[in-house]
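Work the whole structure out from these sequences, hints included.
There are 2 protein chains.
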Amino acid sequence: MDVLPEAPIRRLVVCGVGLIGGSFALALKSAGMVERVVGVGRTQASLERAKTLGVIDEVALDWATALSGADFVLLAMPVGQANAVMAAMAPHLAPGTVVTDAGSTKRDVIEAIYAHLDAHLMHVVPAHPIAGAEKSGADAAFSTLYRGRNVVVTPLPENDPATVARVRAVWAACGASLREMSPQDHDRVFAAVSHLPHLLAFGLVHDLAGRANAEQLFSFAASGFRDFTRIAGSHPEMWRDICMANRHALTAELDQYLGELAYLRALLMSGDGASLETLFGEAREARNRWAEKTFPS
Amino acid sequence: MDVLPEAPIRRLVVCGVGLIGGSFALALKSAGMVERVVGVGRTQASLERAKTLGVIDEVALDWATALSGADFVLLAMPVGQANAVMAAMAPHLAPGTVVTDAGSTKRDVIEAIYAHLDAHLMHVVPAHPIAGAEKSGADAAFSTLYRGRNVVVTPLPENDPATVARVRAVWAACGASLREMSPQDHDRVFAAVSHLPHLLAFGLVHDLAGRANAEQLFSFAASGFRDFTRIAGSHPEMWRDICMANRHALTAELDQYLGELAYLRALLMSGDGASLETLFGEAREARNRWAEKTFPS
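Protein chains in written order, with the numbering used here: chain A, 1389 to 1685; chain B, 1389 to 1685.
Please note: incorrect hints may appear among the correct ones.
Have a look at the derived ranges for each label pair, beta carbon to beta carbon [unchecked claim]:
#: 1; chain 1: A; residue 1: Ser-1418; chain 2: B; residue 2: Glu-1670; range: 36 to 44 Å
#: 2; chain 1: A; residue 1: Ala-1528; chain 2: B; residue 2: Asp-1506; range: 53 to 61 Å
#: 3; chain 1: B; residue 1: Arg-1677; chain 2: A; residue 2: Glu-1673; range: 34 to 42 Å
The set of hints was computed from the structure by calculation and includes no laboratory data.
All C-beta atoms, glycine included, are put in the ideal place defined by N, C-alpha and C.
Pasting the structure below:
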């Protein structure tokens, strides 16, 4: 790292030009923080589309071309591809090129980093932007996606502090607020507040959609159902990878929640309305306190 | 019933002047469909507040006063009060006064109707407006709450068809779309698409709020969590009553959902990413198809 943390990126490589990678590119372009954006990915058609949309400037068909002269790489493909992608890029990665990722899980990505990028550990800084939308793909990307959102950086012990500062500065240029925590804490926290709710929403819609009277049920579902299930519109492959990568923490969270549901079921069966009301009241208060603080209107 | 279904109400009595009852009054006022609105309720302060806000024109401290000259009554208090309210109003209810309700459950309300208003069955038409918001109280009421929303009418065999037409016309004047179904079907359908999601959202927030690291967890929760838990901001007493009144159908739905979660858990434990992705994909498709049809942007 011989550049200022806030200096513009000369050649940015984005692997996986979807909502996350595409919005990162657009945010940096809009901040004047990047000169040229190169897209890499599985399907040439999506990359050409991203180029047509102006999200990237150049389509690279192989890692050698993409990484030639690159000073910054964002890995934004589904986390299930981390091993394959890192194995493919490793031989072409120049010493000193900064690499970060946008994966929603961190321990599995870090395992892949140690497995494939062990010669580059000083400059590979894992991160996770807390942002998303139910739409996916480069068409859904927009330059302000990260404005005011948290980006969690989970640095490796081997990271060069200057590279960590560089990665933080680049995310800050996207408008994000930087947070830092251990990969273990990260994966536990997001199992609880993100991965479990996604699993629950996917599960409810799948449950109802499989009923004989599914059409009738959906015809009476209203705005509460719409909001509760919004995250069931999320990308199936991305969420398969997240759930698989973080399945130990996720299963632990699910089990704790199953305990909560067993308690609620007991209150229903025993007709204990008073305890139910207390529980609802506590939940309401906690939820509203959080929402008012986090999303001031 | 000797009035045209679309004729204005002369004296409307609203029992429970909160979001639902208050918005009903405001909608009818704005449609020129009511001359005078009288509020009845448990706490005089809330009624006085509703009067100050212009939601009601008159505060009644007893049922005799309220019902004197009334031609239309909306019961919009939490369903747990149905028995007490109907017992109190019955002695003062004139023959021919139309009564409807806005309860989110129907079988329990209908039991209360048979128990207390058996002399008035021709003119007591149960209904349920499918509308709500996380805010409650008369301050949250607004005249367009019912615009484009479904109102489910579950007529009794004893109902006068002219009274059913009257109730439908009044809700239509609020901007609602009318649907009709049996109370049994109603309670099963709403256990699935409304009561269960509320229970799940309350449960998740309560679960997380009770953790030692609750503050850390909430500090990383984002917009997906916000939408998933919006309904956990709902009124605790109202939802206690709904869950208690409909607890048999709700427990059946919860059990079916627990089966779904057990299946998801098995997929996680066995690392069956392919099945998980298929399930997520089916859920996403069903959810997006429904949302695009129901909430066209």
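Right, here's what the structure says about each hint:
At about 37 Å, the beta-carbon gap between Ser-1418/A and Glu-1670/B stays in the expected band of 36 to 44 Å. Taken as a hint, the range 53 to 61 Å holds for the pair Ala-1528/A and Asp-1506/B, whose Cβ atoms sit roughly 58 Å apart. In this structure, Arg-1677/B and Glu-1673/A meet the distance hint of 34 to 42 Å, their C-beta atoms being roughly 36 Å apart.
No hint from the list above goes unmet by this structure.
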